[in-house]
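Once you've looked at the hints, dock chains B, C and D with the ligands against the given chain A.
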Amino acid sequence: MAATGGTGDGPPPGARSGDAYAVELRGITKRFPGVVANRDIELRVRRGEVHAIVGENGAGKSTLMKTLYGMHRPDEGKILLDGREVHFKSPADAIEAGIGMVHQHFMLADNFTVLENVVLGSEPTKGVRLDRAEARRRIREISERYSLDLDPDELVENLGVGARQRVEIAKVLYRGATVLILDEPTAVLVPHEVDELFGNLAELTREGLTVMFISHKLDEVRRVADAITVIRRGTTVGTADPRTTTVKELAEMMVGSELPSPETRSSTVRDEPVLVLRGLTVRSREGRALVDDVGLTVRAGEVVGIAGVEGNGQAELVDAIMGLRPLAAGQVQLDGGTTGDGGDVAGLEDITGWSTRARREAGLGFIPEDRHRQGILLDAPLWENRILGHQTLPPAAKGQFIDRKAARADTERIMQEYDVRAPGPDTLAVALSGGNQQKLIVGREMSSSPRLLIAAHPTRGVDVGAQAAIWELLKDARAEGMGILLISADLDELIGLSDTLQVMLRGRLVATLDPATVTPEDLGGYMTGARSAAGAA
Amino acid sequence: ASDEDGGDAATGNGGGGSEDLKIGVAYDTGGRGDRSFNDSAIAGVEAAIEEHGGEVRDLSPNSDASNRVELLTQLADEGYNPVIAVGFAYGDVIADVVEQYPDTTFAIIDSSVEEIGAENLTGLLFAEEQGSYLAGVAAALKTETDHIGFVGGVETPLIQKFEAGYVAGATAVNPDIQVDVQYISPAGDFSGFNDPARGQIVAQGMFDAGADIVYHAAGGSGLGVFQAAAASGGRAIGVDSDQYQTVDDPALQAVIMTSMLKRVDNAVESFIDSYVEGDFEGGQDVVYDLESEGVGLSDSGGFIEDIQGDIDDYRQQIIDGEIEVPTTP
Amino acid sequence: MSVVRRMGMALFAPVLAVVGALVISTAVMAALQVNPLRVFEVMVDFGDSPAQQITALVVILNRAIPLFLAGLAVAIAFRMGLFNIGVEGQYRLATIVAAAAGAAVTLPGPLHVLFIIAVAVVVGAFWAGIVAVLKVTRGVSEVISSIMLNFIALGLASYLLTGPFRGSEEGASIISTAEIPESGQLGGLNAVFDVLGLANPPRQLYGFLPLAIVLGVALAVLLNRTRFGYDLKISGMSPSAAGASGVDARAMVLKAMLLSGAVAGLIGLPDLFGTTHSYTTDFTAGLGFLGIAVALLGRNRPLGIAFAALLFAFLDRALVPLQIADFPASVVTIIQGTIVLAVVVANEVARRVTRRSAERGSAEPPAPVAGDGGSAAMQTPSGPAGPAGDTDERQGAPR
Amino acid sequence: MSTVVTSPGTRPSRGPLTDLLTGGGKGRRFLWIALAVIVLVSLVRVISGEEALTSSSTMSAALLLAVPIGLAALGGLFSERAGVVNIGLEGMMILGTWGAGYAGYQWGWGAALVGGVLFGALGGLLHAIATVTFGVDHVVSGVAINILAAGVARFLSELFYTDNPAGGGVTQSPAMSSDPPRLSLPVLSSGPDLLGDLERQHWFLISDIAGVLRGLTGDIGVLTILAVLLIPASYLLLWRTAFGLRLRSCGENPAAADSLGVAVYRMKYIAVIISGGLAGMGGVFLVFIAGIYRENQTNGRGFIGLAALIFGNWRPGGLATGAGLFGFADALQLRSRSAVVALLLLVAVLLAGVAVWQSVRRRLLQAILAGAFAAAALTGFVLIDELPPGIVSFTPHLTTLLVLSLASQRLRMPQADGLVYRRGEH
Ligand SMILES: Nc1ncnc2c1ncn2[C@@H]1O[C@H](COP(=O)(O)OP(=O)(O)OP(=O)(O)O)[C@@H](O)[C@H]1O
Ligand SMILES: Nc1ncnc2c1ncn2[C@@H]1O[C@H](COP(=O)(O)OP(=O)(O)OP(=O)(O)O)[C@@H](O)[C@H]1O
Ligand SMILES: [Mg+2]
Ligand SMILES: [Mg+2]
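Top line first, the protein sequences correspond to chains A, B, C and D. The opening position of the first sequence corresponds to residue 14 in my numbering, with each subsequent residue numbered one higher. The opening position of the second sequence corresponds to residue 204 in my numbering, with each subsequent residue numbered one higher. The opening position of the third sequence corresponds to residue 220 in my numbering, with each subsequent residue numbered one higher. The opening position of the fourth sequence corresponds to residue 237 in my numbering, with each subsequent residue numbered one higher.
Treat the hints as calculated values from the structure; they're not laboratory data. Worth double-checking, as some hints may not be accurate.
[Stated by the list, open to error] Straight line, CA to CA, 35 Å or less: simulated DSBU-like cross-link-like pairs of lysine-lysine: (1) A:K261 / A:K91; (2) A:K411 / C:K474; (3) C:K452 / A:K411.
[To be verified] Residues on chain D that point at chain A, a partial pick, calculated with CB under 7 Å: (4) S284; (5) G285; (6) T453; (7) I467; (8) R476; (9) T477; (10) A478; (11) L481; (12) S485; (13) E488; (14) N489; (15) A491; (16) A492; (17) L496.
Virtual Cβ for every residue (Gly too), placed ideally from N, Cα, C.
Excised from the complex, chain A in its bound form:
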């Protein structure tokens, strides 16, 4: 599988010799206000191959692919398909030319059916009517041919991530694309779904399709790609042969330094529990259990990792602990020892009925999964973001009033200590890159020294440098006795940081694993239910 694409059948029929590439980008430059996202990019992709593009966060990969897909026009440079120069004014032109793209963030209308999502923009019609029967037939056909397993009439909002991704692929195939762009398709998938996806890709290349795909997971890249192009700071730094290049070398090409590792130092776990969950159950409006009878203890100085495929109740669990969702049953207890007005509360306290605010005041910190939704106010300055979630706590609050001066000063401190790169506390948060936004959030949550920190995907979408910094911060906090509940999709991160690993599947905790001994592959097995707790014992 890792061998050069199409080895089985020899070079695909469409492949031409020499410089007639399926896709060729020459000297692409793309500027955004204040940023040069791509500069003088060179990229050559042969027909029928799987071509990987790697690079740091913000290196300009997505931008480049969007250029190729006609979502914006390059400021300089040429796009050639099969040796002919093309000019795309819109994605419609690119689609016409046989290019299809699966975006980093899914582009699906939740309230539409699979069918509607797939045919949108290229609808089969009978007269003026939308020919649903024909559409259904064609989607079934594609679904069978590439084993996508899709029901055309299902509402997308009822689908899991893996299925959504297959809808995205179906969208592209439906349009008869010969060049397929996949932007970080594996970021949200568990190992076995990744395998399925790669199976699908192999299927595609066998049919003569060209696949370009972006990933941060370098071993994965080496496994499936026929060729690799590395992008750094907006420009191509070179190509690599996956058969001969090691992960380490690739990483160095990307960032010019070593890959960080989330390795935990010696255990700092103490005895006293800071968070205890008992029989926690959350139900959907229809009464389905989203979180099902979860019991869990986080001790001081301990990192408890929750592994699981997205959509298995992790988000609901976090919401329930934060008091953002009503409980159907169960109890949440927190040790609020260090906070309170002077008098310290000894031991655990039942906070089940408490408001989110009371919980935060009692020592609950929260790094949300989706920072733009829950963690940051994009249109507000940094110092106002510093207050977010800490409205009632010093230094931001002075009685019923907001102490602007203190908030500004403390923002400066966070910016210093956590290396948040921005001109000053009055900068709007939107102006910060994702990584810097995340560091601000981490810094903010740390500064109230919570007893328990809920860290949901703390390094999602941030680049390697910021990732390392955040890992360090978490480790330091843990050493100082903070309890951390870590939810992540990054298995390396989970294994590297956690003292205890819990696997969540369909709302239940199905296995407790020791991160010292478990491999990502095993973990993936538990996450998908392929392995059960009995097997672990």
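Leaving out everything else, chains B, C and D with the ligands in the frame of chain A:
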């Protein structure tokens, strides 16, 4: 003494002869061109100017009519005299203004000034109930179903006066007659004067229920009443002006049996006449009734020619005081 | 960002809006063969005598006060993204009940006034509270419920006025509540003009003015300096982030609507205290809807709303002199509409310019950053960490 | 803004009334519901003796009142399904009335229709420019358009109608030079008028059905027919054609639509312009009734249309139900104050039903509350003869509010409704 006051004021401000008569008019909401009340008032002013010479300045209020005071004070400030406030809504604010401009003569239409008692203010009132009484008589004489209707725009005391007179007139002719009464909107919600669709629906309800003549006192909504009459083969009675003349639609003309005239133009004109001639008496109301031809029934279209005699009988009885027309329902 | 630049940013939108509105209205007038210069001249001409000028000023201020209150009421809810179209109904109902209650009791002076204010505030808040409760417990969109409640309030006010609260005698052409006794009226402020040595016209400046100013200041502090104001603002910016930060969204809806309604309850009082002393069928209507425009114009900030209210009042006053000068009165309405639209567009343009310049600003990091990879150790993420494009690329970007 | 929260996984509702009665059943149940409602109302009519409840006269009035609201709501549907909140419906309707009046007095009813739709569409165009091109907040732009439209209408009247020999003035246009034709169903509703005969028998149920049918088929204006046809036509256009799919995709996820080559901006423009045109058509309808343009003729109907749209869960059938309910309640209160009291009996019966239903589901509190209100309504029915005019006037509004708050809230607005979409900014 009071007549002297008025005359002095005129000369004082206008600088002598009546060629310099400067008349100010402050309109009710809707302003000039409403083809009804306001236009009738300005017609009176123009008639007066025809006779006496002079000029007129007319002002419309803003959309929520919150600047009524400004309209009056600005006119007075600019030296217009007399100043005529069109509509009872000015009743709220005029007392302060007349006090502030003792040298200017004011008149207000549809509002009693007796309580204010200022020498430079006259109330021009109408006996709408008397005119409506005749409308009721005409309707009762003309109905073939012994069933008639009344559509009021907004349930205010003023419109209730129309209702009272109409019902009294109809029952005087035929004590067993059925009179449907319905208002489009309650007091305080003035949309009822401007919603022809609702006017149509209310009137249609009456026609459907068997009425064959409907009298409206609903301003712009009255158009809907005419439409309903045209659609169901009934007839309607207009209000204020001779709507047969103003409706500009032959199909609707055909259903307007008569209109209850409220001669705001006459009232305004005679007020200006008396002001110019100096026999003006301030501080009190002048009621324009059947006798002074301030109210009456129109006969355009000739629909009521055959009953004109009966109507005149009733008119005379009212003028003679033999019939006392109620003002409240 | 330097102070000058920040000031420039703050003024950018209003200036853009005013210029835009001027250009459009000038074009409209020109199309009508109306001389725009003459129109503007008439608008700013406050009369010749000092008394006339002061009167004009008083007229503008008296009109601006209710508009200011209406704008504030709308803005409070708007701050958290709630659209209180119901201000109209809230103030109508509040005013009639307050007027009736004020006429029904006899209390010593200031207490009487306070009592009336309290009644108005409570009624306004109650009526807005219905909207909030329906939204919070039943999920009814506040847009629908407040539209419906406007009509209901109108009908209810009519019922109360013609029924239980009727104070005018049968047959009077204007139906009204009973007159509020002297102790429950607020005298004018014209003494101020004497103190200042200005002409003292007969037109009284509303005694409610200082109350409105105090309220404006208090709300400015509440909205900008307090935890409540912060919570309110972030609930509008991002409900999800506000929720995660511990703001109880339902409680916030309730509080915002109650406060909005309470302020809405005051809208009718300047007129009630100052001139009418009773609620009548002809009591000024439509202030609630105008308040929406004023709030938009003032960008939901008390100071901005004050300016917007004054601008609207200024334009409104111009109606009469314009007619006297033989200009069509609707020019003013057109200008009002154009200004609102221009402001709205200008705000958006300014917001985007600010945002873009903020983004650009961050492209120049405050401290020089070691641009070279490799050199930095991962433990101290100061080197190439952070989005790669952020450092050298941006500096090299042509602009 | 109108934020109606739904948790993912719930099926989209088909309108609160349907939900109230069936919990969001299939279209098949519609007939059952309609029948049940008629039986109930007819029962109430027999008990209370209020013939107005189901008379053909009330029904045709209800239709007349519902149509402009329905057209405005339909306008809102197009715009909001494409993701643009349209609170400027009222203003577009005002423009529609003016346009209809202007064209109508010169060239007759056909031109009035065109003129009104065109003027409304111009309002829509303005809204589209502000929201789509300039990215102005939708509500803000809508409010500004409402203010502007009133000013423009007054201004144009001043310009064209003062001293116009054909008549008119600053507040009204000259009369239309021709009237739109009106149609009746032959034999049943006209000529022999069989339905009319049936209705006059006052038989239980049969006369009621005859009344309803006759009201809906007798002496109907062409525009009414057009408006009623537009409801299914909009459904077909929006849910059964490629164009509709694209339009709706702009309201659900414009970024996705954009990435598939759907011209999002153009779609939004088209939708908002259609929206304005339909609202304008609502204005035309009002002009047809009056035979004239008259200032303030719309009288807030655009806002009610917006409410009907939300009430109807952003669906053609739902909004028609909303407009119909509102029109019926309004017609009833305009027709007869005592008939409104009969509504109390209807409410009592319905609430009693709710009480029973809730107690079956063992929701005691709700059951008791519903029961208490049912008892209160019944007492009201027995004791009150006639409600005062102020109270009666808001019957339709209160009804709408009550139904909305009683119905379980499973409304779902288009996901990207009200969000400003800018290409490349997620
Ligand atoms: N629409 C835009 N406007 C302005 N700047 C943008 C825009 N899109 C991307 N950028 C900038 O371009 C740079 C490249 O972004 P891009 O999304 O291509 O990165 P990427 O390589 O895909 O990163 P990741 O691995 O996080 O997906 C970013 O630093 C960002 O600042
Ligand atoms: N539409 C946009 N307009 C302007 N700047 C943008 C835009 N999109 C992204 N950026 C810029 O991109 C940078 C962040 O880049 P990028 O999107 O790669 O971050 P990220 O960590 O991947 O975040 P996310 O996971 O949310 O996409 C920021 O500097 C931001 O200013
Ligand atoms: Mg990317
Ligand atoms: Mg990214």
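The hints, checked one at a time:
1. A:K261 / A:K91: 32 Å, holds
2. A:K411 / C:K474: 21 Å, holds
3. C:K452 / A:K411: Satisfied, since the Cα-Cα distance of roughly 18 Å is no more than 35 Å.
4. S284: 39 Å, violated
5. G285: Interface hint status for D:G285: violated (44 Å vs cutoff 7 Å).
6. T453: 29 Å, violated
7. I467: 18 Å, violated
8. R476: 6 Å, holds
9. T477: Constraint on D:T477 satisfied, holds at 5 Å.
10. A478: Status holds, d = 4 Å.
11. L481: 6 Å, holds
12. S485: 5 Å, holds
13. E488: 4 Å, holds
14. N489: Cβ of D:N489 sits 4 Å from chain A, so the hint holds.
15. A491: 6 Å, holds
16. A492: 4 Å, holds
17. L496: At about 3 Å, which falls below the 7 Å cut-off, the nearest Cβ of chain A leaves the hint on D:L496 intact, so it holds.
Hints 4, 5, 6, 7 from the list above are not met by this structure, while the remaining hints are.
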